[in-house]
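Got chain B sorted already, so can you dock chain H onto it with the hints?
Line by line, the protein sequences give chains B and H. Reminder that position 172 of the first sequence reads as 171 in numbering that gives the first Met the number 0, one-by-one numbering, no gaps. Reminder that position 222 of the second sequence reads as 221 in numbering that gives the first Met the number 0, one-by-one numbering, no gaps.
Please keep in mind that the hints were generated in silico from the structure rather than gathered at the bench. We put the beta carbon where it would ideally sit given N, CA and C, even for glycine. Warning: the hint list may mix true and false statements.
Derived CB-CB ranges, DEER-like [what the hints assert, rightly or not]: (1) B:Glu94 / H:Asp277: 27 to 37 angstroms; (2) H:Glu115 / B:Pro149: 51 to 61 angstroms; (3) B:Pro287 / H:Gln105: 28 to 38 angstroms; (4) H:Ala90 / B:Pro287: 35 to 45 angstroms.
Straight line, CA to CA, 25 angstroms or less: simulated PhoX-like cross-link-like pairs of lysine-lysine [as the list claims (entries may be wrong)]: (5) H:Lys286 / B:Lys212; (6) B:Lys284 / H:Lys212; (7) H:Lys284 / B:Lys286; (8) B:Lys212 / H:Lys284.
Here's the letter readout for the chains.
There are 2 protein chains.
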Amino acid sequence: MTFLSGLTPYFIAVFCVLVVGFWIQLQREKKPEEPTGETVSTSKARRWVDQDLQDDTEIPAKNDEDDDDDDHGSELDLPHVPYAPPRYPVASMLERSQDFYSLMNQRRSVRFISPEPVPREVIDNVIRTAGTAPSGAHTEPWTFVVVSDPDTKHEIRTIVEDEEEVNYRQRMGNKWVKDLARIRTTWVKEYLDVAPYLLLIFKQTYGIASGGKRKTHYYNEISVSVSCGILLAALQNVGLVTVTSTPLNCGPRLRVLLQRPANEKLLMLLPVGYPSHDATVPDLKRKPVEDIMVHI
Amino acid sequence: MTFLSGLTPYFIAVFCVLVVGFWIQLQREKKPEEPTGETVSTSKARRWVDQDLQDDTEIPAKNDEDDDDDDHGSELDLPHVPYAPPRYPVASMLERSQDFYSLMNQRRSVRFISPEPVPREVIDNVIRTAGTAPSGAHTEPWTFVVVSDPDTKHEIRTIVEDEEEVNYRQRMGNKWVKDLARIRTTWVKEYLDVAPYLLLIFKQTYGIASGGKRKTHYYNEISVSVSCGILLAALQNVGLVTVTSTPLNCGPRLRVLLQRPANEKLLMLLPVGYPSHDATVPDLKRKPVEDIMVHI
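One chain only, chain B, in its complex shape (with noise of 0.2 angstroms):
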């Protein structure tokens, strides 16, 4: 009885947030034409494309006006639920943010992985790790490729390696060339065959809603890239490495390889595994943190 009093609160709590919702629900449903009303034309419509936040989402699609998708109806208007995360007292919290920031001070990229084999389950909950980043509307738009098959990552290898030859000798002019020279990227990446798993992480541009129609992804990019940082978090945490790249060019042929939809395209590749015994970085430093910060 004293665990169910205590509970009370919360229903109260949950059951405003639903009568409230009913009711919002019941004002949109008196008055349908004043939304339409306030949107204007469908080409003052598109004027929102932001000029700061550059998003293929941005570019209007051809078959846009499929976008139309009813399935949120049913979604409208969820039930809000009390949130309470443990609270650190202070002295907690300056230790838990100075280790984290050690923790992750150490990370590098790293091309030098050994082929030694890493436990399937601490990958899997790398990848659940990720799954738990923040995404536009809550789209979630991210696949996980996880590739150990000694064949596949071959083929993975092959077609990078061709179209990083091409990017390197015709494409990308003597510029990036330089840049990338000082830290000793070729187009040879004999990594894709070492390490025991290859991370492809596939952003979905566009999803697919019940009935077939596309449902889009706003700010996919950015979302599956938030994913990404949090993913190498949890590959540093384990201590595992890896290096990010964002193989130029290969995106469709490794999309057909893997059997990926078309709403999928590539965004990172990474080779992941223990670093090898003899590895090395190069000796870069990282900006201070006045460099980067400013505090208003």
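Quick look at chain H alone, frame taken from chain B:
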């Protein structure tokens, strides 16, 4: 002496790397025409624009000819140093991967933020952690503006609410409004006044080299988004909450308000603090791992 002789293999390794680097440099200087010969014409060099990794750095800038900075010459062939991060036993890896997943899985976007003060040093460590993210060609193209001044916070709120109201009412059409309605977002953002800190994250679309020339920041939006993912993990690790927002069309006004230079564009605005005591979140679920992961 024992200490020094223990280091000898590293000295030899570094020496070898330096010798090879010097040799490569020598080879390059011998045939200065070869790279340009292979790069062919400027129009061909432009062909590398990638369809899979849309990023505004790939849109040729007006003054792109200025990009040919020579500053990296001195950074070419950086020496490599050994990299040996801590290695955890398998049982420990599994436990760490599970614990980190549990911690991150508790993260939610929270719009009810407490006005209680948060130690500044914790925020500094969170920004330091975000600054450990990888970035295209190690450009570190991010600026984190931390706002705690109440007047500036209020000015930010005014700008965001002005623009958001226009976005909601006129620009975005029914669909986006419907998508967001389920998570009860409106254009009233009280938390922008209430939260002890607002973090405004700017992407530097290009840098300024020492000679005043522009230096392209490749994939700056992806890099800064990855950094934001690590920042969100760092906030969650200390028990602070935020809501990841990408304010439409406010970028230019906020940039001017915060006196950021023209090469910086607003990517995200995060109000940060403890959750309020009566904080609630919509009762959303995340996709199960089977729906976001494919194993080959």
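Just to be careful, I want the Cα atoms of Lys286 (chain H) and Lys212 (chain B) compared with a cutoff of 25 angstroms; is the pair within it? Within the cut-off at roughly 20 angstroms; holds.
Next pair to validate is Lys212 (chain B) with Lys284 (chain H); report whether the Cα-Cα distance is within 25 angstroms. This hinted pair holds, its Cα atoms lying about 22 angstroms apart.
Run the distance test for Lys284 (chain B) versus Lys212 (chain H): straight-line Cα separation, threshold 25 angstroms. Within the cut-off at roughly 22 angstroms; holds.
Please test the hint of 27 to 37 angstroms on the beta carbon pair from Glu94 (chain B) and Asp277 (chain H). Holds, since Glu94 (chain B) and Asp277 (chain H) (Cβ atoms, about 28 angstroms apart) stay within the stated range.
Given the hint of 35 to 45 angstroms, check if Ala90 (chain H) and Pro287 (chain B) actually sit that far apart at their C-beta atoms. Given range 35 to 45 angstroms: holds, Cβ gap about 38 angstroms.
Okay, Glu115 (chain H) versus Pro149 (chain B) on CB: inside 51 to 61 angstroms? holds (54 angstroms)
Quick check: does the Cβ-Cβ distance between Pro287 (chain B) and Gln105 (chain H) fall within 28 to 38 angstroms? holds (32 angstroms)
Hint consistency between Lys284 (chain H) and Lys286 (chain B) [alpha-carbon to alpha-carbon, up to 25 angstroms]: Given that 25 angstroms is the threshold and the Cα spacing comes to 38 angstroms, the pair is violated.
Of the numbered hints stated above, the single one contradicted by the structure is hint 7.
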